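S.K.: Residue-level listing of the chains:
There are 2 protein chains.
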Amino acid sequence: MPVNDSFHIYDTTLRDGAQQEGLNLSVQDKLAIARHLDDLGVGFIEGGWPGANPKDTEFFERAKKELKLKNSIFVAFGATRRPNVKAVDDALLGALRDSGAPAVTLVAKAFDRHVDLALKTTLDENLAMIKDSVTHLRSEGQRVFLDAEHFFDGYRSNRAYALEVVRTAAEAGADVIALCDTNGGMLPDELSQVVHDVLQASKARLGIHCHNDTGCAVANSMAAIAAGVTHVQGTLNGYGERTGNADLVTIIANLELKKKQLVLPKDALREAFRISHAVAEVTNVSSSARQPYVGISAFAHKAGLHASAIKVDPSLYQHEDPESVGNDMRMLVSEMAGRASIELKSVELGVDLGGDRELIGRVVDRVKDLESHGFTFEAADASFELLLLEEISGKRPSFFNITHWATTTERTTKSGITTKAEVSVVANGKEFTCSGSGNGPVNAIDNALRTGLKQFYPELEVLELTDYKVRILEGRLGTGAITRVLVETSDGKGEWNTIGVHENIIAASAMALEDALTFGLLRQGRKPE
Amino acid sequence: MPVNDSFHIYDTTLRDGAQQEGLNLSVQDKLAIARHLDDLGVGFIEGGWPGANPKDTEFFERAKKELKLKNSIFVAFGATRRPNVKAVDDALLGALRDSGAPAVTLVAKAFDRHVDLALKTTLDENLAMIKDSVTHLRSEGQRVFLDAEHFFDGYRSNRAYALEVVRTAAEAGADVIALCDTNGGMLPDELSQVVHDVLQASKARLGIHCHNDTGCAVANSMAAIAAGVTHVQGTLNGYGERTGNADLVTIIANLELKKKQLVLPKDALREAFRISHAVAEVTNVSSSARQPYVGISAFAHKAGLHASAIKVDPSLYQHEDPESVGNDMRMLVSEMAGRASIELKSVELGVDLGGDRELIGRVVDRVKDLESHGFTFEAADASFELLLLEEISGKRPSFFNITHWATTTERTTKSGITTKAEVSVVANGKEFTCSGSGNGPVNAIDNALRTGLKQFYPELEVLELTDYKVRILEGRLGTGAITRVLVETSDGKGEWNTIGVHENIIAASAMALEDALTFGLLRQGRKPE
Numbered sequence: 001m002p003v004n005d006s007f008h009i010y011d012t013t014l015r016d017g018a019q020q021e022g023l024n025l026s027v028q029d030k031l032a033i034a035r036h037l038d039d040l041g042v043g044f045i046e047g048g049w050p051g052a053n054p055k056d057t058e059f060f061e062r063a064k065k066e067l068k069l070k071n072s073i074f075v076a077f078g079a080t081r082r083p084n085v086k087a088v089d090d091a092l093l094g095a096l097r098d099s100g101a102p103a104v105t106l107v108a109k110a111f112d113r114h115v116d117l118a119l120k121t122t123l124d125e126n127l128a129m130i131k132d133s134v135t136h137l138r139s140e141g142q143r144v145f146l147d148a149e150h151f152f153d154g155y156r157s158n159r160a161y162a163l164e165v166v167r168t169a170a171e172a173g174a175d176v177i178a179l180c181d182t183n184g185g186m187l188p189d190e191l192s193q194v195v196h197d198v199l200q201a202s203k204a205r206l207g208i209h210c211h212n213d214t215g216c217a218v219a220n221s222m223a224a225i226a227a228g229v230t231h232v233q234g235t236l237n238g239y240g241e242r243t244g245n246a247d248l249v250t251i252i253a254n255l256e257l258k259k260k261q262l263v264l265p266k267d268a269l270r271e272a273f274r275i276s277h278a279v280a281e282v283t284n285v286s287s288s289a290r291q292p293y294v295g296i297s298a299f300a301h302k303a304g305l306h307a308s309a310i311k312v313d314p315s316l317y318q319h320e321d322p323e324s325v326g327n328d329m330r331m332l333v334s335e336m337a338g339r340a341s342i343e344l345k346s347v348e349l350g351v352d353l354g355g356d357r358e359l360i361g362r363v364v365d366r367v368k369d370l371e372s373h374g375f376t377f378e379a380a381d382a383s384f385e386l387l388l389l390e391e392i393s394g395k396r397p398s399f400f401n402i403t404h405w406a407t408t409t410e411r412t413t414k415s416g417i418t419t420k421a422e423v424s425v426v427a428n429g430k431e432f433t434c435s436g437s438g439n440g441p442v443n444a445i446d447n448a449l450r451t452g453l454k455q456f457y458p459e460l461e462v463l464e465l466t467d468y469k470v471r472i473l474e475g476r477l478g479t480g481a482i483t484r485v486l487v488e489t490s491d492g493k494g495e496w497n498t499i500g501v502h503e504n505i506i507a508a509s510a511m512a513l514e515d516a517l518t519f520g521l522l523r524q525g526r527k528p529e
Numbered sequence: 001m002p003v004n005d006s007f008h009i010y011d012t013t014l015r016d017g018a019q020q021e022g023l024n025l026s027v028q029d030k031l032a033i034a035r036h037l038d039d040l041g042v043g044f045i046e047g048g049w050p051g052a053n054p055k056d057t058e059f060f061e062r063a064k065k066e067l068k069l070k071n072s073i074f075v076a077f078g079a080t081r082r083p084n085v086k087a088v089d090d091a092l093l094g095a096l097r098d099s100g101a102p103a104v105t106l107v108a109k110a111f112d113r114h115v116d117l118a119l120k121t122t123l124d125e126n127l128a129m130i131k132d133s134v135t136h137l138r139s140e141g142q143r144v145f146l147d148a149e150h151f152f153d154g155y156r157s158n159r160a161y162a163l164e165v166v167r168t169a170a171e172a173g174a175d176v177i178a179l180c181d182t183n184g185g186m187l188p189d190e191l192s193q194v195v196h197d198v199l200q201a202s203k204a205r206l207g208i209h210c211h212n213d214t215g216c217a218v219a220n221s222m223a224a225i226a227a228g229v230t231h232v233q234g235t236l237n238g239y240g241e242r243t244g245n246a247d248l249v250t251i252i253a254n255l256e257l258k259k260k261q262l263v264l265p266k267d268a269l270r271e272a273f274r275i276s277h278a279v280a281e282v283t284n285v286s287s288s289a290r291q292p293y294v295g296i297s298a299f300a301h302k303a304g305l306h307a308s309a310i311k312v313d314p315s316l317y318q319h320e321d322p323e324s325v326g327n328d329m330r331m332l333v334s335e336m337a338g339r340a341s342i343e344l345k346s347v348e349l350g351v352d353l354g355g356d357r358e359l360i361g362r363v364v365d366r367v368k369d370l371e372s373h374g375f376t377f378e379a380a381d382a383s384f385e386l387l388l389l390e391e392i393s394g395k396r397p398s399f400f401n402i403t404h405w406a407t408t409t410e411r412t413t414k415s416g417i418t419t420k421a422e423v424s425v426v427a428n429g430k431e432f433t434c435s436g437s438g439n440g441p442v443n444a445i446d447n448a449l450r451t452g453l454k455q456f457y458p459e460l461e462v463l464e465l466t467d468y469k470v471r472i473l474e475g476r477l478g479t480g481a482i483t484r485v486l487v488e489t490s491d492g493k494g495e496w497n498t499i500g501v502h503e504n505i506i507a508a509s510a511m512a513l514e515d516a517l518t519f520g521l522l523r524q525g526r527k528p529e
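Sequences listed follow chains A and B, in order.
For reference, each letter of the first sequence is one residue, going 1 to 529 in the UniProt record's numbering.
For reference, each letter of the second sequence is one residue, going 1 to 529 in the UniProt record's numbering.
Treat the hints as calculated values from the structure; they're not laboratory data.
Quick caveat, the model's predicted, so the values are computed rather than measured.
The reader is advised that the hints may include incorrect statements.
Identical chains share a label here; the pair holds if one copy fits it or two copies do between them.
Stated by the list, open to error - Below, computed lysine-lysine pairings styled on DSS-like, alpha-carbon distance capped at 30 Å: (1) Lys469 - Lys368; (2) Lys414 - Lys430; (3) Lys469 - Lys420; (4) Lys414 - Lys395; (5) Lys368 - Lys64; (6) Lys414 - Lys368; (7) Lys414 - Lys454; (8) Lys368 - Lys120; (9) Lys55 - Lys469; (10) Lys64 - Lys493.
I would like the entire structure built from these sequences, with the hints used as guidance.
M.R.: Next up, the structure:
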């Protein structure tokens with residue numbers, strides 16, 4: 001039994017979500033994601049289609065042995081029997097039966113044109129396929145759900161037939177008939193009307209399965225629930241083909257926080273941020289900073305004039321408490337930085353300014369001055385934190401001092417493009433020169449610097465530059481253009497962002513790089529010189 | 001008058017969209033985006049807040065002189081007068097009046113707690129501020145819209161007061177009162193009820209302004225329109241603070257394609273894909289592949305079993321024809337290249353392909369191949385034109401041939417940062433080596449090259465690199481990351497854009513630079529060697 005059998009959160013990340021362009025899951029990945037979903041406490045986890053391909057077959061074999069689910073029920077997905085064979089003789093249906101999954105979701109066509117053109121059989125045979133397949137699996141003791149594919153297009157094309165599909169499945173023993181907006185073209189108003197009508201006409205228990213092609217996957221799911229469906233399908237982070245499936249994270253948060261409908265185990269929603277990002281690490285698809293509730297920008301505030309009011313009462317500018325989903329409020333230090341936002345930002349970074357008005361004033365002045373020279377700290381938390389630490393202690397944290405660097409990039413007809421760098425640095429009281437090469441000047445300086453420093457700081461080995469952004473800013477007051485470089489660095493456990501600004505792009509990059517390595521060492525617990 | 005004054009598409013990319021984390025627009029960027037928005041044909045373009053900061057002030061000054069809008073009306077944004085001063089004495093209100101914008105949007109508090117805690121004035125004074133400010137600007141001949149900030153939270157807290165704000169603004173002469181879900185916590189069902197109630201209670205013309213914090217910004221906007229609002233605010237690509245604003249691209253496509261409500265000039269929707277991506281190049285924020293309608297995955301099909309049915313009838317698996325928004329079904333062609341778009345683009349550039357099917361096919365293949373290697377010609381017209389000319393004549397237009405280059409950047413404690421470059425080049429049948437310095441490697445190569453070439457091409461003297469953008473693209477198929485460089489060059493009469501792609505940033509820049517100078521000479525009427 002799921003947490004709450006009267007309402008189903010049904011996850012299809014491992015099946016429909018994996019249809020996303022650029023998303024490829026190994027068997028190991030699928031097991032890892034299934035454990036995260038179970039931690040979140042979704043009612044059902046659709047694992048894939050056993051028998052359809054070797055990977056899914058292997059996954060179901062390993063899941064049977066290795067997955068110990070504490071909250072969720074494991075589901076196998078597959079099609080109804082082929083036309084004109086007996087259910088018991090259908091090999092794919094047999095694979096579902098033998099998958100070890102306590103529940104099976106069968107996909108069936110609910111759109112007459114699809115039966116004709118894609119399935120190439122008769123409308124009556126399609127109904128028989130549904131009836132036989134559901135009956136067979138039910139008689140084997142499995143719980144059966146039916147995905148009524150292309151349901152809404154089918155309803156427009158041939159309402160009577162679409163309803164007949166729902167009735168047939170329900171009468172054969174399917175627990176839930178999920179109405180699928182397979183092509184994703186629905187809007188909430190029409191979808192809601194159709195759900196109402198189907199509920200009246202069939203008395204079946206209904207579910208909903210939406211895609212985001214009109215930007216309304218979440219709203220369509222919410223509208224269907226309001227209209228009476230009690231089973232909602234979606235994927236973690238909205239992964240899925242084309243524009244993606246309905247994002248279950250958002251739907252769950254909307255249900256629990258806005259509608260006061262509890263659908264997860266107690267306190268599980270607070271794990272949403274962690275789990276959403278952990279799954280993004282497994283899929284290797286960058287999280288959207290703008291994802292509702294759990295995006296890193298979801299509770300980030302830039303507008304300076306909000307900051308003082310936020311200090312009075314955060315609820316004035318937040319629709320929910322970020323902690324309810326495990327997220328945090330973040331203040332972006334921007335052009336309009338005032339005392340209030342600097343104080344809030346420091347608290348967020350865990351740096352104690354102790355309410356010191358003079359110190360805060362000094363930080364505000366530094367930020368304003370640097371911003372007037374092209375710096376922006378809203379995307380460079382780590383550089384901002386170094387600035388804070390510098391103002392608190394009177395000295396910028398430092399592990400090494402670069403005295404000289406040079407980098408050359410050359411194109412010759414013989415050897416193509418080569419880049420080399422030489423860096424002289426003082427660390428641990430010793431000056432030395434190191435060299436490196438790379439696929440660009442920044443990479444070469446980074447390699448040279450790390451080669452030289454690793455004798456003192458072996459932990460630099462694991463750091464990796466994961467993003468690099470360049471912006472040319474127009475000159476002000478007659479000066480030339482300046483270059484702003486943002487660098488993202490990772491140590492495998494987290495990322496941080498640093499900034500460099502200079503009229504010379506290489507100098508700006510070296511500055512951002514120096515901050516990146518310094519902050520990386522602080523993160524590892526090193527005490528500066 | 002906008003295209004259709006009975007229904008407003010109102011864009012706030014340049015103001016509210018710019019609140020997005022990591023998004024920083026220069027004055028030049030804002031002008032470029034305004035031109036794209038005008039091409040798309042939105043009714044209103046909100047430019048920013050003149051008087052609030054030097055950048056917006058400069059933008060309005062330049063917009064007055066340089067922006068020639070063919071479809072859209074330009075709007076200035078600002079607040080109602082401060083408490084307890086006369087409207088005529090309020091400097092910020094004066095800046096709005098003097099901005100040159102034919103319309104002004106005033107933001108006002110509609111939430112009693114905000115009036116108290118953030119604005120720190122009385123409820124009556126807030127109403128007086130609204131009345132006076134609207135009256136003042138109307139008497140000066142400007143059209144006035146009112147953004148009723150935090151309207152829905154205000155309606156829950158004090159319905160009578162929220163309604164009084166709407167009535168006060170309407171009676172003072174505001175054309176539209178936009179109900180703002182400022183904190184973004186609404187869902188369509190409740191929002192729809194509130195809009196119905198406000199329409200009944202006030203008779204004012206209403207607008208809607210949504211954020212995506214519940215994943216429902218588009219659906220909320222659609223629900224408000226269904227309930228009777230006739231003015232919808234949003235941003236290109238859903239840019240905006242936290243989870244973003246309502247994505248106007250999606251809303252427009254939903255209205256035109258799903259609701260058959262035409263809101264853009266004829267055929268403009270077909271430019272949506274192009275404009276969405278061109279604006280993403282300006283903002284330097286990566287487009288979401290899963291963006292409805294215009295994401296590169298929005299009509300991309302991965303599921304193998306769809307393929308044959310799609311061949312029978314693409315509409316079986318697509319909710320709309322991708323061409324209706326200028327997008328493509330991805331299994332057939334690449335991002336941009338279709339015969340028709342190549343032909344149209346060529347006509348636009350004034351290059352005659354003479355309907356030569358074989359030639360057009362060759363160009364399509366080249367573009368597809370280059371795009372698969374990270375090129376994008378959307379923001380590099382000049383490089384695309386060079387490619388066209390190359391395919392027409394069998395030889396890329398060329399005035400010089402670079403045989404070798406090298407550039408070194410060095411930082412010493414004595415002389416600071418220096419960058420030098422040496423370039424060997426063949427021109428007019430003569431090989432020679434020239435050197436230059438600059439404030440970065442690209443600038444140094446550019447200077448060296450121009451110093452060497454000016455004996456033959458004195459007109460190179462006037463060229464200037466006016467913008468330089470870098471993006472790191474994730475590697476495909478196991479290759480490393482590659483760097484895409486876009487260069488904008490000006491000859492004082494106009495600008496052109498070129499592209500270079502290479503794993504080495506300097507090599508990519510040199511490639512874009514070579515195109516930039518070559519195209520500059522073509523523009524001056526020089527015949528290539």
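S.K.: With reference to the structure, classify each hint as holding or not holding.
M.R.: Hints and how they fare:
Taking identical chains as interchangeable, the C-alpha atoms of Lys469 and Lys368 lie at most 30 Å apart whether they share a chain (22 Å) or sit on different chains (25 Å). In the homo-oligomer, the alpha carbons of Lys414 and Lys430 lie at most 30 Å apart only across protomers (20 Å), although the nearest pairing inside one protomer, at 39 Å, exceeds that limit. Proximity of Lys469 to Lys420 under the C-alpha cut-off of 30 Å is found in both arrangements, the shortest distances being 21 Å within a copy and 23 Å between copies. For the identical chains of this complex, Lys414 and Lys395 are inter-copy neighbours only, at 23 Å across copies versus 48 Å inside a copy, given an alpha-carbon limit of 30 Å.
In the homo-oligomer, the alpha carbons of Lys368 and Lys64 lie at most 30 Å apart only across protomers (29 Å), although the nearest pairing inside one protomer, at 40 Å, exceeds that limit. In the homo-oligomer, the alpha carbons of Lys414 and Lys368 lie at most 30 Å apart only across protomers (29 Å), although the nearest pairing inside one protomer, at 49 Å, exceeds that limit. In the homo-oligomer, the alpha carbons of Lys414 and Lys454 lie at most 30 Å apart only across protomers (27 Å), although the nearest pairing inside one protomer, at 33 Å, exceeds that limit. Taking CA atoms no more than 30 Å apart as the test, Lys368 paired with Lys120 passes between copies only; the shortest distance there is 26 Å, against 59 Å inside one copy.
Within a single copy, Lys55 and Lys469 get their C-alpha atoms as close as 20 Å, and across copies as close as 22 Å, so both meet the 30 Å cut-off. Taking CA atoms no more than 30 Å apart as the test, Lys64 paired with Lys493 passes inside one copy only; the shortest distance there is 19 Å, against 50 Å between copies.
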